[in-house]
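S.K.: Using the sequences and the hints, build the whole thing.
Now for the letters of each chain:
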Amino acid sequence: MRRFLMILLLMGGGQMTAQGKPMNMLGQVNKALNGVTQIEFVNSHKFGESRHIDLFRLKNGLEVLLLADDSAPVFSYQTWFKVGSADEVKGKTGLAHLMEHLMFKGTPTYPGGVFDRLLEEAGAQTNAATWIDWTFYYENLPKGKLDLVTKLESDRMQNLAPKEAQFRKELEVVKNERRFRVGNDPEGKAEEVLFHDVFGSHPYGHPTIGWVKDLDNMKLQDVMAFYRRYYSPSNAVIVIVGDIDEKNALELIGKRYGAIPGTRVKREKPVEAKIRTYKPIDKTQTMKFEVASQSATCLFVGPSINQPDAYAANVLGEVLFGMESSRLERKLVEEMGIADAVDGMFEALRQSGFMMIQVTMKPGQDAKEALKVIAGELEEIRQKGLKPNELEKARNLTEADLVKGRIVKSSVAGQLGFLQVTAGDYRKFFEQLERIRKVDNKAIQKVIKEYFMPAHMAKLIMLPRGKK
Amino acid sequence: MRLPVRIILSILIVFSFQKGFARMIITKKGFHCVLVENHDLPYIQLQAIFLAGSFLDPKGREGTAGLTARSLLRGTNKHNFKQLTEEFDLLGADIGSGAGGLYSYVSGGVLSRNVDKFFSLMSEVILDPTFPKGPLEKEKGLMIGDILHRQDSDSALVRYFFHRFLYRNTKIGRPASGTLESLKKLGTKDCSAFHKKYYTKKNLLFVAAGDITQKKLEALLDKYMGALPMGEETLFQAKGLKRPKGLHVLLVDKPNRTQTQVRFGTMTPGWQHGDVIPAFVANTAFGGTFTSILTTEIRIKRGWSYGVGSVLDLFRERGSVGIGMFPKVADTVPAIKLSIDLLKKAVHDGIPVKRIESAKEFMANRFPFELETAFKRASFQASVFLRGKPADLLDTYTERVKAVTAKQADKAFADFIDPEDMVIVVVGPAKDLEKPLRSIPGVVEFVKIPYDGDLQ
Numbered sequence: 001m002r003r004f005l006m007i008l009l010l011m012g013g014g015q016m017t018a019q020g021k022p023m024n025m026l027g028q029v030n031k032a033l034n035g036v037t038q039i040e041f042v043n044s045h046k047f048g049e050s051r052h053i054d055l056f057r058l059k060n061g062l063e064v065l066l067l068a069d070d071s072a073p074v075f076s077y078q079t080w081f082k083v084g085s086a087d088e089v090k091g092k093t094g095l096a097h098l099m100e101h102l103m104f105k106g107t108p109t110y111p112g113g114v115f116d117r118l119l120e121e122a123g124a125q126t127n128a129a130t131w132i133d134w135t136f137y138y139e140n141l142p143k144g145k146l147d148l149v150t151k152l153e154s155d156r157m158q159n160l161a162p163k164e165a166q167f168r169k170e171l172e173v174v175k176n177e178r179r180f181r182v183g184n185d186p187e188g189k190a191e192e193v194l195f196h197d198v199f200g201s202h203p204y205g206h207p208t209i210g211w212v213k214d215l216d217n218m219k220l221q222d223v224m225a226f227y228r229r230y231y232s233p234s235n236a237v238i239v240i241v242g243d244i245d246e247k248n249a250l251e252l253i254g255k256r257y258g259a260i261p262g263t264r265v266k267r268e269k270p271v272e273a274k275i276r277t278y279k280p281i282d283k284t285q286t287m288k289f290e291v292a293s294q295s296a297t298c299l300f301v302g303p304s305i306n307q308p309d310a311y312a313a314n315v316l317g318e319v320l321f322g323m324e325s326s327r328l329e330r331k332l333v334e335e336m337g338i339a340d341a342v343d344g345m346f347e348a349l350r351q352s353g354f355m356m357i358q359v360t361m362k363p364g365q366d367a368k369e370a371l372k373v374i375a376g377e378l379e380e381i382r383q384k385g386l387k388p389n390e391l392e393k394a395r396n397l398t399e400a401d402l403v404k405g406r407i408v409k410s411s412v413a414g415q416l417g418f419l420q421v422t423a424g425d426y427r428k429f430f431e432q433l434e435r436i437r438k439v440d441n442k443a444i445q446k447v448i449k450e451y452f453m454p455a456h457m458a459k460l461i462m463l464p465r466g467k468k
Numbered sequence: 469m470r471l472p473v474r475i476i477l478s479i480l481i482v483f484s485f486q487k488g489f490a491r492m493i494i495t496k497k498g499f500h501c502v503l504v505e506n507h508d509l510p511y512i513q514l515q516a517i518f519l520a521g522s523f524l525d526p527k528g529r530e531g532t533a534g535l536t537a538r539s540l541l542r543g544t545n546k547h548n549f550k551q552l553t554e555e556f557d558l559l560g561a562d563i564g565s566g567a568g569g570l571y572s573y574v575s576g577g578v579l580s581r582n583v584d585k586f587f588s589l590m591s592e593v594i595l596d597p598t599f600p601k602g603p604l605e606k607e608k609g610l611m612i613g614d615i616l617h618r619q620d621s622d623s624a625l626v627r628y629f630f631h632r633f634l635y636r637n638t639k640i641g642r643p644a645s646g647t648l649e650s651l652k653k654l655g656t657k658d659c660s661a662f663h664k665k666y667y668t669k670k671n672l673l674f675v676a677a678g679d680i681t682q683k684k685l686e687a688l689l690d691k692y693m694g695a696l697p698m699g700e701e702t703l704f705q706a707k708g709l710k711r712p713k714g715l716h717v718l719l720v721d722k723p724n725r726t727q728t729q730v731r732f733g734t735m736t737p738g739w740q741h742g743d744v745i746p747a748f749v750a751n752t753a754f755g756g757t758f759t760s761i762l763t764t765e766i767r768i769k770r771g772w773s774y775g776v777g778s779v780l781d782l783f784r785e786r787g788s789v790g791i792g793m794f795p796k797v798a799d800t801v802p803a804i805k806l807s808i809d810l811l812k813k814a815v816h817d818g819i820p821v822k823r824i825e826s827a828k829e830f831m832a833n834r835f836p837f838e839l840e841t842a843f844k845r846a847s848f849q850a851s852v853f854l855r856g857k858p859a860d861l862l863d864t865y866t867e868r869v870k871a872v873t874a875k876q877a878d879k880a881f882a883d884f885i886d887p888e889d890m891v892i893v894v895v896g897p898a899k900d901l902e903k904p905l906r907s908i909p910g911v912v913e914f915v916k917i918p919y920d921g922d923l924q
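These protein sequences, in sequence, are chains A and B.
Using the working numbering, you'd call the opening residue of the first sequence number 1 and step up by one each time.
Using the working numbering, you'd call the opening residue of the second sequence number 469 and step up by one each time.
Honestly, I wouldn't trust all of these hints.
[What the hints assert, rightly or not] Label-pair restraints from in silico Cβ distances: (1) A/Gln158 <-> B/Val912: 52 to 58 Å; (2) B/Ala687 <-> A/Gln158: 55 to 61 Å; (3) A/Glu268 <-> B/Gly602: 53 to 59 Å; (4) B/Gln924 <-> A/Pro388: 43 to 49 Å; (5) A/Glu334 <-> B/Lys683: 37 to 43 Å.
[As the list claims (entries may be wrong)] Sample of chain A residues at the chain B side, in silico, Cβ under 8 Å: (6) Ser71; (7) Pro111; (8) Gly113; (9) Thr360; (10) Asn389.
[Claimed, not checked] Below, computed lysine-lysine pairings styled on DSS-like, alpha-carbon distance capped at 30 Å: (11) B/Lys822 <-> A/Lys288; (12) B/Lys653 <-> A/Lys331; (13) A/Lys288 <-> B/Lys903; (14) B/Lys805 <-> A/Lys105; (15) B/Lys899 <-> A/Lys189; (16) A/Lys105 <-> B/Lys822; (17) B/Lys606 <-> A/Lys368; (18) B/Lys601 <-> B/Lys527; (19) A/Lys288 <-> B/Lys606; (20) A/Lys442 <-> B/Lys550; (21) A/Lys145 <-> B/Lys822; (22) B/Lys653 <-> B/Lys664; (23) B/Lys813 <-> A/Lys169.
What the hints contain is simulated information worked out from the structure, not anything from laboratory work.
Cβ coordinates follow ideal geometry from the N, Cα and C atoms, glycine included.
M.R.: Below, the structure written as structure tokens:
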């Protein structure tokens with residue numbers, strides 16, 4: 001069973017004033033930068049008892065989030081770009097993700113392979129990810145390697161120069177990744193089909209990895225145009241969490257990134273996906289695969305990240321599939337004994353959210369039964385609400401998840417970057433627990449009526465190939 | 469649990485690392501624990517590891533260790549399954565149990581304000597399970613489901629069959645998951661007997677990390693788990709594990725694939741071999757990073773596989789090296805042949821010094837991440853005891869890596885790996901793969917099974 005939280009958080013005090021420590025330090029930094037750029041302090045928030053997160057902005061629009069934490073001699077350096085597969089146009093799907101792959105192919109200063117080698121020798125864990133609303137690159141490094149990483153990251157933000165041969169090879173790698181994640185994976189295939197079904201022509205309706213036909217037609221020029229349009233400092237957020245000196249970090253960032261021109265990036269305004277009405281369960285579409293038993297996958301449009309309903313949807317997800325004693329686990333696996341596993345997730349995104357539930361049936365069992373149970377549970381909650389102990393369990397589990405999310409520095413950096421890019425404000429990190437605690441039955445029933453009615457459920461049943 | 473002499477000596481050592489430290493404790497009632505305190509966050513992670521893995525399964529009753537571990541939560545004398553899951557969820561806690569080849573475990577995490585109640589429940593499932601018939605059958609059904617659903621995932625199939633094929637006819641090669649036939653035979657008596665014999669104090673290593681003091685941990689262990697019987701230690705002995713001779717191919721036939729899952733490798737010495745660190749350095753240079761020989765040739769130069777790498781997995785006396793990738797069907801055999809040629813070159817001619825030096829830098833500099841959190845530090849120290857790693861490894865790892873010479877790394881790699889003697893497992897369509905796989909030079913055995921079948 002996997003539990004997903006749309007975002008994580010925790011407690012903390014109030015905001016620091018602009019007259020606090022960052023302002024004093026910032027004056028010295030700007031003096032040292034000697035006109036390369038001007039860094040402004042945006043805001044700050046207390047993090048636990050003794051630490052604080054500071055947000056700064058360079059003249060070219062680059063945002064920088066810093067959290068100094070010396071509890072272990074490591075730090076996480078993340079570069080988040082406000083671009084994802086939702087920003088792609090028809091015929092060019094998969095571009096954001098392919099762009100991410102090509103970012104490792106070198107510049108005139110650091111040709112292909114040198115970037116990785118220098119970071120590996122420094123002990124870095126490095127990788128990247130692309131999703132619907134964002135793309136991010138990370139380096140987790142031992143302390144003292146900030147100079148190196150700022151040099152490399154600022155260079156590839158402005159000087160990327162992949163060669164045609166590299167592009168062709170990497171395109172093959174991406175197609176291979178697609179075979180791995182979608183073509184040969186029943187869950188991946190089901191997700192792709194349902195996302196397209198639910199979101200249709202909305203920017204969330206095509207797969208982040210791209211349609212095969214679009215990948216086949218992709219050209220290096222497409223990627224470079226995308227790079228020039230979106231990979232601007234004005235469209236990026238750098239997050240550093242860990243054993244760093246804040247003043248030194250700001251000086252290095254100002255020096256390395258300050259002179260990069262910040263072109264204006266126009267991103268489409270969020271458009272909430274329309275909620276469709278679907279055929280009844282007995283007319284659900286099916287697909288065949290090499291699997292041992294039937295499985296049912298269903299997908300709903302949900303509230304977006306900045307809608308208050310997202311918190312109620314999160315609690316609903318916990319109660320339905322998120323905990324050991326969840327309703328669907330108990331009913332389908334334990335009481336009826338017709339399923340082997342229940343998985344689910346709710347994720348709130350920039351334009352819309354989604355809730356997906358997957359049920360793996362026992363061999364010989366009909367997946368339509370699982371869909372009926374899901375619809376029945378939603379209807380029951382809509383009418384009667386949750387039991388008091390269900391709300392309490394969801395709150396406690398959420399609180400524990402939020403605390404756990406603060407243990408690893410790269411995880412904290414990831415949450416801050418995600419919120420700044422997707423929700424527009426990293427400080428939502430600190431609101432989560434209170435918001436979750438306030439969710440009551442009225443909010444749960446409202447979110448079901450608006451989003452999670454059985455008629456809003458897109459459904460797919462996977463059948464074992466060659467078996468009834 | 470009886471620990472080797474050098475490990476007992478290390479109990480007195482306090483390992484310092486920033487604000488946290490890994491401590492080995494023996495409580496008044498004889499519990500061996502690894503503790504790393506960190507009070508920054510109100511959260512505690514706990515793990516009870518028993519030397520009670522599937523290697524102890526009676527022949528023909530494979531899955532006994534797994535069913536026993538998984539059924540601990542299925543009911544005690546005080547609570548049934550429903551009540552237990554309800555209680556743990558109300559605490560906002562995680563709890564899980566299971567078994568692998570060498571160990572069984574119960575592990576979880578909880579907000580520190582709820583640790584007393586959590587510890588009481590966790591101890592109850594460890595000490596007082598009843599393995600009631602109905603719920604046990606339910607758990608068996610889920611284990612059978614796991615076996616069947618393994619067919620759904622090509623990567624799960626290749627992992628499973630690589631282990632099974634490499635360790636054929638040995639205790640460690642038995643499926644920890646059990647088989648469809650063996651699980652049918654298991655019942656309450658099997659689990660009760662296994663539990664009584666192996667869930668003992670001498671077999672237990674308790675790991676605690678986070679917002680808990682030594683005094684508190686000792687008090688909780690002595691109070692709630694004091695009744696655990698002493699028992700006998702059951703450390704795995706690797707006698708009879710022999711590296712295969714020649715190349716042995718297992719083709720798991722799965723039609724309608726556009727891509728294969730490949731894993732090949734062999735048995736290696738374990739942590740008790742003197743040159744483990746040089747072997748790790750060589751393996752890192754060969755296939756452990758994004759710039760390694762393997763990644764450069766397979767992914768970067770040819771675009772054959774999104775993922776490719778070489779992993780050393782060592783326990784005390786023995787271990788394995790496994791090289792994995794997932795090329796499209798047509799690229800599969802060329803990718804295997806090329807990888808074997810690269811391996812032969814590395815073993816026979818050595819790895820370029822520059823690559824060895826680069827791998828050393830990578831390993832030494834990334835070590836702080838092994839210790840970033842309290843639980844990682846505790847797990848590292850636990851693995852020292854469980855896998856027979858050098859007792860001072862936490863303190864000396866970086867020096868040991870830096871001291872490796874290219875010559876030592878090459879020698880160790882040749883000691884650990886023989887490219888002529890390996891098993892190769894491929895999940896993919898037999899109609900496209902059988903002939904070319906048989907044509908790989910050095911193949912002495914070819915086995916083909918359907919993806920919903922198993923090895924005998």
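S.K.: Each hint should be assessed against the structure and marked as holding or not.
M.R.: Okay, the hints, checked on the actual structure:
At roughly 56 Å, the beta-carbon separation of glutamine 158 of chain A and valine 912 of chain B lies within the given 52 to 58 Å, and the hint holds. Taking the beta carbon of each, alanine 687 of chain B and glutamine 158 of chain A are about 59 Å apart, inside 55 to 61 Å as hinted. For the pair glutamate 268 of chain A and glycine 602 of chain B, the supplied restraint of 53 to 59 Å holds, since their beta-carbon distance comes to about 56 Å. Checked against the given bound of 43 to 49 Å, the beta carbons of glutamine 924 of chain B and proline 388 of chain A, roughly 54 Å apart, lie outside it.
The beta-carbon spacing between glutamate 334 of chain A and lysine 683 of chain B, approximately 39 Å, falls within the hinted interval of 37 to 43 Å. The beta carbon of serine 71 of chain A is positioned within 8 Å of a beta carbon in chain B (closest approach about 6 Å), and the interface hint is therefore held. Taken as an interface hint, proline 111 of chain A does not check out: its beta carbon lies about 12 Å from the nearest beta carbon of chain B, beyond 8 Å. Interface restraint check for glycine 113 of chain A: the shortest CB-CB distance to chain B comes to about 6 Å, inside 8 Å, so the restraint holds.
Below 8 Å, beta-carbon pairs count as interface contacts, and threonine 360 of chain A has one with chain B at about 6 Å; its hint therefore holds. Checking asparagine 389 of chain A against chain B by beta carbon gives a least distance of about 7 Å; that is within 8 Å, so the hint holds. Proposed proximity of lysine 822 of chain B and lysine 288 of chain A is contradicted: the alpha carbons are some 50 Å apart, above 30 Å. For the suggested pair lysine 653 of chain B and lysine 331 of chain A, the alpha carbons sit about 27 Å apart, so the restraint of at most 30 Å is met.
With a C-alpha separation of about 28 Å, the suggested pair lysine 288 of chain A and lysine 903 of chain B falls inside the 30 Å cut-off, and the hint holds. The suggested pairing of lysine 805 of chain B with lysine 105 of chain A holds, with an alpha-carbon distance near 27 Å, which does not exceed 30 Å. For the hint linking lysine 899 of chain B to lysine 189 of chain A, the alpha-carbon distance of about 24 Å falls within 30 Å, and the restraint holds. Taking the CA atoms of lysine 105 of chain A and lysine 822 of chain B, the gap is about 21 Å. The hint holds against a cut of 30 Å.
In summary, the hint linking lysine 606 of chain B to lysine 368 of chain A is supported, as the alpha carbons are separated by about 22 Å, within the 30 Å threshold. Between lysine 601 of chain B and lysine 527 of chain B the CA atoms are separated by roughly 22 Å; this keeps the pair inside 30 Å, and the hint holds. For the suggested pair lysine 288 of chain A and lysine 606 of chain B, the alpha carbons sit about 28 Å apart, so the restraint of at most 30 Å is met. Distance check on the hinted pair: lysine 442 of chain A and lysine 550 of chain B sit about 27 Å apart at the alpha-carbon level, within 30 Å; holds.
Simply put, lysine 145 of chain A and lysine 822 of chain B have alpha-carbon atoms about 21 Å apart, close enough for the 30 Å limit, and the pair holds. Taken as a hint, the lysine 653 of chain B and lysine 664 of chain B pair is honoured in the structure, with Cα atoms around 19 Å apart against an allowance of 30 Å. Of the supplied pair hints, the one linking lysine 813 of chain B and lysine 169 of chain A holds, its CA atoms being roughly 25 Å apart against a limit of 30 Å.
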